[in-house]
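Student: Letter by letter, the chains look like this.
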Amino acid sequence: MTNNQETLLKVEHLCQYFGATKAVDDVSFEVKKGEVFGLVGESGCGKTTTGRSIIKLYDITSGSIFFKGIRISAGILSYQEDIRKAKAEYNEKIATVTDPTEKNLLSQELKQRIAARKADIKRARFDQKNCDKQYSKQMVAAVNAKYRALLSRATEAEKPALKKEYSNELRKARKAKLVTQIQMIFQDPVASLDPRMTVREIISEGLIIRGERDKKVIDQKVYEMLELVGLVREHASRYPHEFSGGQKQRIGVARAIIMQPELIIADEPVSALDVSIQAQVINLLNDLRHSLGLTILFIAHDLSVVKYFSDRIGVMYFGKLVELATSDELFKHPMHPYTKSLLSAIPLPDPIYEKTRQRIVYKPLAEHDYSVDKPSLREVAPGHFVQCNDAEFAKYKAQLEQA
Amino acid sequence: MENKLHVKDLTISFRTTNGKVQAVRGIDFDLAKGETLAIVGESGSGKSVTSKAILGILAGNSIIEGGEIIYDGKDLLKIPEDEFHKIRGDKIAMIFQDPMSSLNPIIKIGRQLTEAMILKGKSRQRESRENFNKYLKTLNKRMIEAIAKDDASKAAALTAKCKDFDKFEYKHLELENAYNVARSAASEAVSDIVDILFEIEKNALKDGNYRIKNVKNLALTSINPWVVSVKADALRASCAAMMAGIKDLKIVSEKLTKINAILEEALALEQPNFFAMGYYLTFSGEKEVPNKPVPELNAYLRQYLDEKFMLSFIADAKQALVYSAKVSCKEMEEAIAVLKQYRSVFQAEKLDKKACESAHKILSKKVIETIDLLDIKKDSLVYTFSSGFKTEIDKYFNGLVKNPKEAKRFAKQQADYDRRVAKGKEPDWKVVPASYTDLELVKRNMLNQIDRMVAHFEELIAANDNCDFDAKAVALIDFLKANASGVVNKVTKRIAKARAIKLMEEVGISEPRKRYNQYPFEFSGGMRQRIVIAIALAADPDILICDEPTTALDVTIQSQILELINRLKAERQLSIIFITHDLGVVANMADRIAVMYAGKIVEYGTSEDIFYHSAHPYTWALLSSMPDLDTNEKLDAIPGTPPDMLYPPVGDAFAQRNKYAMKIDFERQPPMFKITDTHYAATWLLHPDAPKVEPPKAILDRIARMEEKRGVQNDQ
Chain A
1 MTNNQETLLK VEHLCQYFGA TKAVDDVSFE VKKGEVFGLV GESGCGKTTT GRSIIKLYDI
61 TSGSIFFKGI RISAGILSYQ EDIRKAKAEY NEKIATVTDP TEKNLLSQEL KQRIAARKAD
121 IKRARFDQKN CDKQYSKQMV AAVNAKYRAL LSRATEAEKP ALKKEYSNEL RKARKAKLVT
181 QIQMIFQDPV ASLDPRMTVR EIISEGLIIR GERDKKVIDQ KVYEMLELVG LVREHASRYP
241 HEFSGGQKQR IGVARAIIMQ PELIIADEPV SALDVSIQAQ VINLLNDLRH SLGLTILFIA
301 HDLSVVKYFS DRIGVMYFGK LVELATSDEL FKHPMHPYTK SLLSAIPLPD PIYEKTRQRI
361 VYKPLAEHDY SVDKPSLREV APGHFVQCND AEFAKYKAQL EQA
Chain B
1001 MENKLHVKDL TISFRTTNGK VQAVRGIDFD LAKGETLAIV GESGSGKSVT SKAILGILAG
1061 NSIIEGGEII YDGKDLLKIP EDEFHKIRGD KIAMIFQDPM SSLNPIIKIG RQLTEAMILK
1121 GKSRQRESRE NFNKYLKTLN KRMIEAIAKD DASKAAALTA KCKDFDKFEY KHLELENAYN
1181 VARSAASEAV SDIVDILFEI EKNALKDGNY RIKNVKNLAL TSINPWVVSV KADALRASCA
1241 AMMAGIKDLK IVSEKLTKIN AILEEALALE QPNFFAMGYY LTFSGEKEVP NKPVPELNAY
1301 LRQYLDEKFM LSFIADAKQA LVYSAKVSCK EMEEAIAVLK QYRSVFQAEK LDKKACESAH
1361 KILSKKVIET IDLLDIKKDS LVYTFSSGFK TEIDKYFNGL VKNPKEAKRF AKQQADYDRR
1421 VAKGKEPDWK VVPASYTDLE LVKRNMLNQI DRMVAHFEEL IAANDNCDFD AKAVALIDFL
1481 KANASGVVNK VTKRIAKARA IKLMEEVGIS EPRKRYNQYP FEFSGGMRQR IVIAIALAAD
1541 PDILICDEPT TALDVTIQSQ ILELINRLKA ERQLSIIFIT HDLGVVANMA DRIAVMYAGK
1601 IVEYGTSEDI FYHSAHPYTW ALLSSMPDLD TNEKLDAIPG TPPDMLYPPV GDAFAQRNKY
1661 AMKIDFERQP PMFKITDTHY AATWLLHPDA PKVEPPKAIL DRIARMEEKR GVQNDQ
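Those protein sequences? They're chains A and B, same order as listed. In this text, residue positions in the first sequence follow the working numbering: the first is 1, and each later residue adds one. In this text, residue positions in the second sequence follow the working numbering: the first is 1001, and each later residue adds one.
Be aware that a few hints might be false.
Stated by the list, open to error - In silico lysine to aspartate or glutamate, EDC-like type, Cα no more than 20 Å apart, as pairs:
hint	chain 1	residue 1	chain 2	residue 2
1	B	Lys1430	A	Glu367
2	A	Lys340	B	Glu1563
3	A	Lys340	B	Asp1628
4	B	Lys1122	B	Glu1174
5	A	Lys332	B	Glu1708
6	A	Lys355	B	Glu1571
7	A	Lys355	B	Glu1174
8	B	Lys1569	B	Asp1090
9	B	Lys1709	A	Asp328
10	A	Lys118	A	Glu89
11	B	Lys1709	A	Glu329
12	A	Lys363	B	Glu1563
13	A	Lys363	B	Glu1511
14	A	Lys332	B	Glu1633
15	A	Lys22	B	Glu1708
16	A	Lys355	B	Glu1522
17	A	Lys355	B	Asp1591
18	A	Lys340	B	Asp1630
19	B	Lys1430	A	Glu242
20	A	Lys355	B	Glu1708
21	A	Lys332	B	Glu1707
22	B	Lys1634	A	Asp311
23	B	Lys1141	B	Glu1369
24	A	Lys332	B	Asp1630
25	A	Lys216	A	Glu205
26	B	Lys1020	A	Glu242
27	A	Lys355	B	Glu1608
28	B	Lys1709	A	Glu354
29	B	Lys1634	A	Asp287
30	A	Lys355	B	Asp1628
31	B	Lys1569	A	Glu234
32	B	Lys1634	A	Asp328
33	A	Lys332	B	Asp1628
These are calculated hints, taken from the structure and not from any lab test. Since the model is a prediction, treat every value here as computed from it, not as a measurement.
Okay, chain B solo, but in the shape it has when bound:
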C-alpha cells in the first residue's frame, strides 16, 4: 500500500521554567493510504504532541530535537511556514476533542464552513497563474536549448509555437470563463430556487421580491451556448411569466419549479473540451464549431488539435524534458562531488565557524542548481536543504557558546544548594537541571543531511535512466492546462454555500439549509462534532488527525461519530491518525495501534495483535484496567502515576509501575523486539534470557470469553 506519512525518530521537548520536559522521545511509525492508525496512551504520554507536530502547531516553547516527518516527499519539520499553509488544513486536517472550543461562538456555522473554501479558492487562483507563466517560459527556453541551439530560425519557430499555445490557451480561458460564469450562475440559481421553494412551502419567505428577481437575473445569466442554449427561449418565457405574477406565490413557485427543471438539466450536461475548442476557434479560421453532440464534438476537436499542433508540441516538449533532465543530472553529479568534498569540514573534532558558513553557502548554491525547472513535482528535500542545514549550523555554534554558560550556572546553583543543605537548611527551591545542546548529535545531524542529499541525488540519477518522458511530457501539458483552468475557477460565496450544504448532508446533519444559518450554541454536542468534521473535510484532505474526537460525547453519539468517520474513510480513502485512551473505541476504529508511554512507542501492531496477543506489560495494564460488561472482580488499576519527564527514568519508563519489572528494566531501556512482521514491543520480557511471563488472568479470561461469545454468534 502507498505510504502517506512517515515519522522517523521524532524527538520533541518543551522548555519550561523547571527545565526541559521530554515529551516525545524518538518515535517511528508510518501511515498507509486508507488506513487508521490509533495512538493509545495516558495523558502526558506524548500522543497529542506527536499529532500537533505533524500539523506544525506545537506550542512556542517546544524544541524539535531531531527526526523527520515525511509527507509527500517533504519533511514537515523543516519546511517554511508559508509552505505549511498549503498543507495544514488542506492536506492534513484535524478534529479536536472539544467541538465547542474549536468553533467560533459568535459566527454562524455557514460562514465557518465556507470561510476556508473561499480563502483557499483565491490563493489557488493566484498560484495557478504564477505556475502557468513560469513553466511555459521555462519550457520555451529549454526547447530552444535542446533542439535549436545554434539555429535561430528553428528557435523562432519554437518560440512561435509556445506563443501559439499561450494564445489559444487564452481563447480557452475566455471560453471556459464564460462557461463557468454561466454554469455557476445556474448552480447558484438552483440553490436559491430550492431555498425559496422550501420557504414558500413553510410559509416563511423573506425578501421575496428581491430574491425572486435575483433568481431571474441568475437564470438569464446562465444562457450560454454550452449551458442553457436550446431551452433558452423557454427559460426567458418562464422568467417573464414569473416576474409578471410575482404577487402570487402559487404562480411563482410553479414557474420556479419549471426554471429549476431547465437549469438542472443544463447542469447535468457534459462539459465540452474548451482546450481543443480554443485551438479550433483561434487557428481554423472558422467562427463556429461544427454542430455536433458534445461527446462527438469533443472527439472531433481533440483529433483536430492533435493533428495540427499537439502531437508535435508534445514531441518538442519531450525533447526539452530529456535535455532538462540531462542538465540536471550533470548538475547533480557535480553537486555530489562537492558535497563529498565538503563533508570533511563537518567531520572535524571542533568545527570552524567561517569554514562552515562558506561551505554552507557553496553547498546550498550547488544543491539549488540541480533543480530541474521543468519537473512539476517539487523536490522539497532539495528546496529545504539550505535552510535546514543553516539551522543545524546555528544550533551548533549557539550551543558552543551557551553550553559553558549553562554549565557555569548549574554548578553555581548546585553549589549554592549544597551549601544550604550542608548548613542544615532545607531549601524550598530545586536546582534547575542543566540543559545542554548535544553538539555531537547536531554534528551527526549535519553529516546525515549531507549523506541523505548524496543518496537522494544518486537515486534521482539512477531513476532518470528509466524515466518515461512521453508520460512526463503529457503530464507537463496537463499541468499547464490544469493551472490555466485553475485561474478561471472561482469560488464565489454562493458556490461555497452549495458545497457546504452538500458537506453537511454528507456528515449527517438534517435540514442543512436551516442549520446553515445557526450559531454553534444551537447545536448539540454530537452535531457540533459533525460540523467540526465537515469543516475538516471541506478542503478534501489526505490525512485526518482525530485527537480524542469522542471523549466528550456519550455512547450513542460516540457510536454515530465513529461510524461517520469510518464511512468517510472508506468513501474518500482517508488516512486517519486516531488518538484516544479508550480501548473500546480503538477496537472499533483501528487497523493498526501504537501504544505510547512516556514519549515512546512501547508496542506497535495490528489491532488483532494488540488485543489478542499483546506483549508489553503496559498494554496489559491498560487492557485489564477497563471493565467490560462481564467484569465482576476488582479492577487491576495501574498503581502510581506516569514519570516526571523533566527527569526521564534511566531504564524502562514503565518499570516503577510494572509488577513484572526485572532488574534490567531499571538500568537499561529495552529495544524494540520483533514478535511478528507486524508486531513489535519494547520490553525486556521478550529477551530470550527473560523468564516466561503470562499476561494477566483478566485479559486471558476476557479473550476466552470473547471467543466463546463470537463462537456462539457464528453458530447462529
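Looking at chain A on its own, in the form it has when it is part of the complex:
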C-alpha cells in the first residue's frame, strides 16, 4: 500500500545535537500517506528525539522537515559549517596563488558562496518561524474566498447565520497551525494525562485552543471520539484516575485524533501496558488507521509489535538510521550487522527455541572499517536502504542476490 502515493512527511538530513551529544545525526526518510512507519532501536539511540523534532518540540540543529510539501522545520548548522569550510578552503587557495586577478576572482567566488549560504540560513530561519503563519494565511484566504462567494449569493434571511459562521471559521483559520495536523501519543498514559482535568477537558483542550467555542460542537466531537476509541459517553465527566491503564491510553488516542491529524507520532504507546491491554490498544490503532486513513510514525523497542504493526521499518543506532526497508524485507533479509543483532535478541514464546537462541553481539568497531571510506545510506535493493560504504555496499548486494 506504500507505492505511488504522495509523501506526507519528508525528513532530510535531520540533525539534533544537544551540546556535544549528537542525539540524531543525519537522518533522512520519507513517510507515505496512509502507511505505518516504524522506528526501532535501543534506548538512547535517538528515535524519540526524532519524533519530537518532527512535531517541533525541539528546534532542530540542521536539516529540514517537510510536511505535506511545506518545510515546517529547518536547521542552520550545516549552512554555517559550509561557510566556515568555504572560508578555510578559499583562504588556503588564495594564499597559494600570487596572481592578483586570480586572487580577486577567488575572493569573489568565496563571497558569492557565503552570500548563497547566508540566504539559505535566512530562508531556514524564516521557515522555522513562519510556517504556521503562512499556513494560516492560506487558510484565511481560502475561507474568505469561500464565504464571500456564498454571501454574495445568499438571501437576506440566510445572511446573519452565514455571517456568524463566517466569523467563526475565520477565527479558526487565523489560529490554524500546520503542526497541529501532527499529533502525538505518549508512552506513559498515567503521566500524560492531567489528573485534575476531566476526560472531556483533556480531549477537547486542543479544539478549544484551535478556536472552537461552540459547546455543543465540542461535546458532540468528544462523544464521537470516545465512541471511536471504544469508551462510552458517560466517561467524559470522569477523571483519569478512574480508568485502567488501557482505558487511559485510549483517552490519549482520543485526544490525538480529535484534531483530525494526518500524522500521528506514537511514541512507545504500548510499552507501559500489560500484554492483554497492549493487544487492545494495538487493535484500536489498527482499526483507526484504516477507518480514518491515518499515517502513523510508530516508535517502539518491542520488535514483535513493530513487525506486526508497521509497513516499513527504520532501524536507528546511535543517532543514525542504519537500515530502512519494508517490514517483511527487513525481517527476512536483515543486512546491517546491528539489525541482525537486534533481531537475534527478540524473545519468542517458544521455550525450546529460546534455550538455543544465540544472541549476535554488535561491535561497531570490529564490524566496520570506516577509517577511509565513509558510510552513507544506500539502496541495496528497491526500497531497502542500508548504511554502508562502498565495500560493504558490494558485499550486501552480493548477499541479497544469493538469497
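Assemble the complex: chain A is given as a structure, and chain B must be docked to it using the hints.
Tutor: Just chain B now, with coordinates in the frame of chain A:
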C-alpha cells in the same frame, strides 16, 4: 531436588477506605534449588504482592490472613522482624523493575555496593562471638551432666578440657587475627597498586605521594610468617627504593610492579591450619612450629591435635550430644502430652479468654523447654510457636469484640443507603462492605498450629533414633571453630571495595575501577540494572526475586540482562522467582511457570507444559494476545479488565472475560485439576463432564509454525 522455598495457602488482603481488597487468595508453590519459577499475570493479579510477602516488605495496610512461607525451616510470615534482618537481602534478595528508583541518586555506586557488606560484616562478628561463648558453655554443662554426674573430679577434668579448648582457641584467634591483618593489608595494597598503576598509565595520578606512602605502609604490614616471610627483605628493599625515587613516576611504577608481584604470590599461598597450630603452640611447650611446607605442616599439626586432644574431646562432645538429645526427646514427649491435653480448650464452641491465655502460657513454656541447646540448627517452628499462637488468640478475641460492631455499622449504613434509594435519591457514596474476622478460620488455625507442633515433635523423636551423633559432634566443633574465626574476620572498607569491584566485573561492567566512583545518573539503564543485580548478589543470596527486571529496558539490553541472570543462576546455583507479564521473556528464563489471575494461580507447570499444552482459557488469552514475528491477523485481545478485588467474583474470576465460560464458572470456583505430574490448571473445562474445547487457533498455528521452524533448524 532440594526444596528451597515452600509457599502454602498464602492469603493476603489490603485494608483500604473502601473495604478489604483481596490481593492473594490461597496460592501454593514451591521453589527448588537452582530453579527459575516464573510468575506470570496482569498487573493487579497479586504477583508482586506474593514476592513482597516472601521478602517481608508488604505495605502497612496489608493483612496476612493465613498460610505460610517456609524458608530454611522458618515460616517467614511468623518470624520477628530482627530475625528477618538476617534473611532479607542476605539470603533472599530482590531486583526491582526500575533500577533508578532502587538506587540512591546522591550516593556513589561504590558506596552503595559496599554499604551492606560492611554493615553485615560487623553484625556477623558480634553474632559469632555470642554463639561461641554460649555454645561452649552449654557443651561444658551437658558434658558434666552426661559423663560425670556424681563424679566431681571427672567433672573438673571435663571443665578443664573445655577451658583448654577455649584457651587454644584464643591462641588460634590470635594467630589467625595476625594472619588476617597481614593478608588483608596485602590484598589492600594489591588493590591500591592496581589503582595507582592504572592512573599512572592514564597520566592522572592524584595524591600520589600520600597514596604511595600508604602502599608502602600496607606492604610492610603484610610481613608475617605466613604471608610474606621469605621475600620480606626483597619487599623492604623495594619499598625503600620506591620511597627514595618517589619523584620519578617511572621508578615508582617499576617498583610497584615488583611489590605487586611479591604480594600476589603471597596471597596465592595456602592458609595454614591455625586451629591445630594454636593447640601445638599452647600445649606442646615449643615456641615455633616445625619448619615444613604448609600442606605437610597442616597434616602434622592436625595429627598432633587429634592424638593429644581432639579425638577424646569429640567423643565427650558426642556423649554430651546424645544426652542432650535424650533430654530434649523426653521434654518433647511431655510437651506432646500437654499439647494434646490442652487442645480441647481451643476446640470449644466459644473460647474462654482466661483459659486460652493460661493455656498459651503453659504451652509456650513447655514447647520452649524442648529445645536442644546443643543443636546448632535452630528449630524456628519451636521458637516462633509462642508468638504465632499469641497472635491467633489476640485475633480471635479482637474479632469477637469487633465483629458485632462491624455488623452494626454495616447494618446502619445499609439502612441509610436503602432509605435514600427508597426516597428516590441517588447517593453518591457506596456502602462499605462489612469485613469480619473469620472466627472459625482463626480457631482452625490455632488447632492447626497445635497439630503441627505435635507432628513436628513426633517427627523429631523418630528422627532422633537414627541420628549420626559422630557427624553431629564434628559439626558442633566445626561450628564453634567457624564462629571463632567469624570473630576475627573483619570486613574493612578496602576489602569491601575489592569485593565490590570483583562483583562489578562479574555482572559485566567494564572499567569497574572508574565506574566505582560514579553516580547512578552516569550509568545507562542497562548498566544501572547490572549495578542493582550486583548489590543483590553482594550478600551471596540463596534466592533471587526478580520483579519485572527488564520491563523498563529495550530488547538488546533486556537480552543481556537475562543472559546475565541465567549465567549467575548456573554459577551460583541460585533459585529465582521471576515475575513478569512478558511471555517471550518467560520462555527464555523459566523452568516452571505459575500463571496468576485475580490472586489465584490458575495454571502451573513446566515451561513446555504452559507454552505447548496450556489448558486454562486465561493462559490461552495471554498467549494469543501477544504478536510474534509471523502474526498477521487481528490480535485476540482479552476483553474488559480484571475484576475488582473488593468484591471478588463468586465463581471463576476469569469467567466474565472468558469466551469459553460455562454456567458453572459463574457459580463455583474450579478446583486445581491435575493434567500431568507437573501440570495443573484450575478450570472447569478439565472436568470430565465438560465439553471438549480446543485452544484458540492462533496458539495452535503458532505451535505448528514453531515446530516447523525448529525442524528446519535441526535439519541444517
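Student: Each of the hints needs a verdict: does it hold here or not?
Tutor: How the hints compare with the structure:
{"no.": "1", "hint": "Lys1430/B - Glu367/A", "result": "65 Å, violated"}
{"no.": "2", "hint": "Lys340/A - Glu1563/B", "result": "18 Å, holds"}
{"no.": "3", "hint": "Lys340/A - Asp1628/B", "result": "17 Å, holds"}
{"no.": "4", "hint": "Lys1122/B - Glu1174/B", "result": "19 Å, holds"}
{"no.": "5", "hint": "Lys332/A - Glu1708/B", "result": "17 Å, holds"}
{"no.": "6", "hint": "Lys355/A - Glu1571/B", "result": "17 Å, holds"}
{"no.": "7", "hint": "Lys355/A - Glu1174/B", "result": "52 Å, violated"}
{"no.": "8", "hint": "Lys1569/B - Asp1090/B", "result": "16 Å, holds"}
{"no.": "9", "hint": "Lys1709/B - Asp328/A", "result": "17 Å, holds"}
{"no.": "10", "hint": "Lys118/A - Glu89/A", "result": "17 Å, holds"}
{"no.": "11", "hint": "Lys1709/B - Glu329/A", "result": "18 Å, holds"}
{"no.": "12", "hint": "Lys363/A - Glu1563/B", "result": "18 Å, holds"}
{"no.": "13", "hint": "Lys363/A - Glu1511/B", "result": "17 Å, holds"}
{"no.": "14", "hint": "Lys332/A - Glu1633/B", "result": "19 Å, holds"}
{"no.": "15", "hint": "Lys22/A - Glu1708/B", "result": "44 Å, violated"}
{"no.": "16", "hint": "Lys355/A - Glu1522/B", "result": "34 Å, violated"}
{"no.": "17", "hint": "Lys355/A - Asp1591/B", "result": "11 Å, holds"}
{"no.": "18", "hint": "Lys340/A - Asp1630/B", "result": "17 Å, holds"}
{"no.": "19", "hint": "Lys1430/B - Glu242/A", "result": "15 Å, holds"}
{"no.": "20", "hint": "Lys355/A - Glu1708/B", "result": "17 Å, holds"}
{"no.": "21", "hint": "Lys332/A - Glu1707/B", "result": "19 Å, holds"}
{"no.": "22", "hint": "Lys1634/B - Asp311/A", "result": "15 Å, holds"}
{"no.": "23", "hint": "Lys1141/B - Glu1369/B", "result": "16 Å, holds"}
{"no.": "24", "hint": "Lys332/A - Asp1630/B", "result": "11 Å, holds"}
{"no.": "25", "hint": "Lys216/A - Glu205/A", "result": "14 Å, holds"}
{"no.": "26", "hint": "Lys1020/B - Glu242/A", "result": "19 Å, holds"}
{"no.": "27", "hint": "Lys355/A - Glu1608/B", "result": "11 Å, holds"}
{"no.": "28", "hint": "Lys1709/B - Glu354/A", "result": "13 Å, holds"}
{"no.": "29", "hint": "Lys1634/B - Asp287/A", "result": "10 Å, holds"}
{"no.": "30", "hint": "Lys355/A - Asp1628/B", "result": "17 Å, holds"}
{"no.": "31", "hint": "Lys1569/B - Glu234/A", "result": "51 Å, violated"}
{"no.": "32", "hint": "Lys1634/B - Asp328/A", "result": "17 Å, holds"}
{"no.": "33", "hint": "Lys332/A - Asp1628/B", "result": "14 Å, holds"}
The structure shown violates the earlier hints numbered 1, 7, 15, 16, 31.
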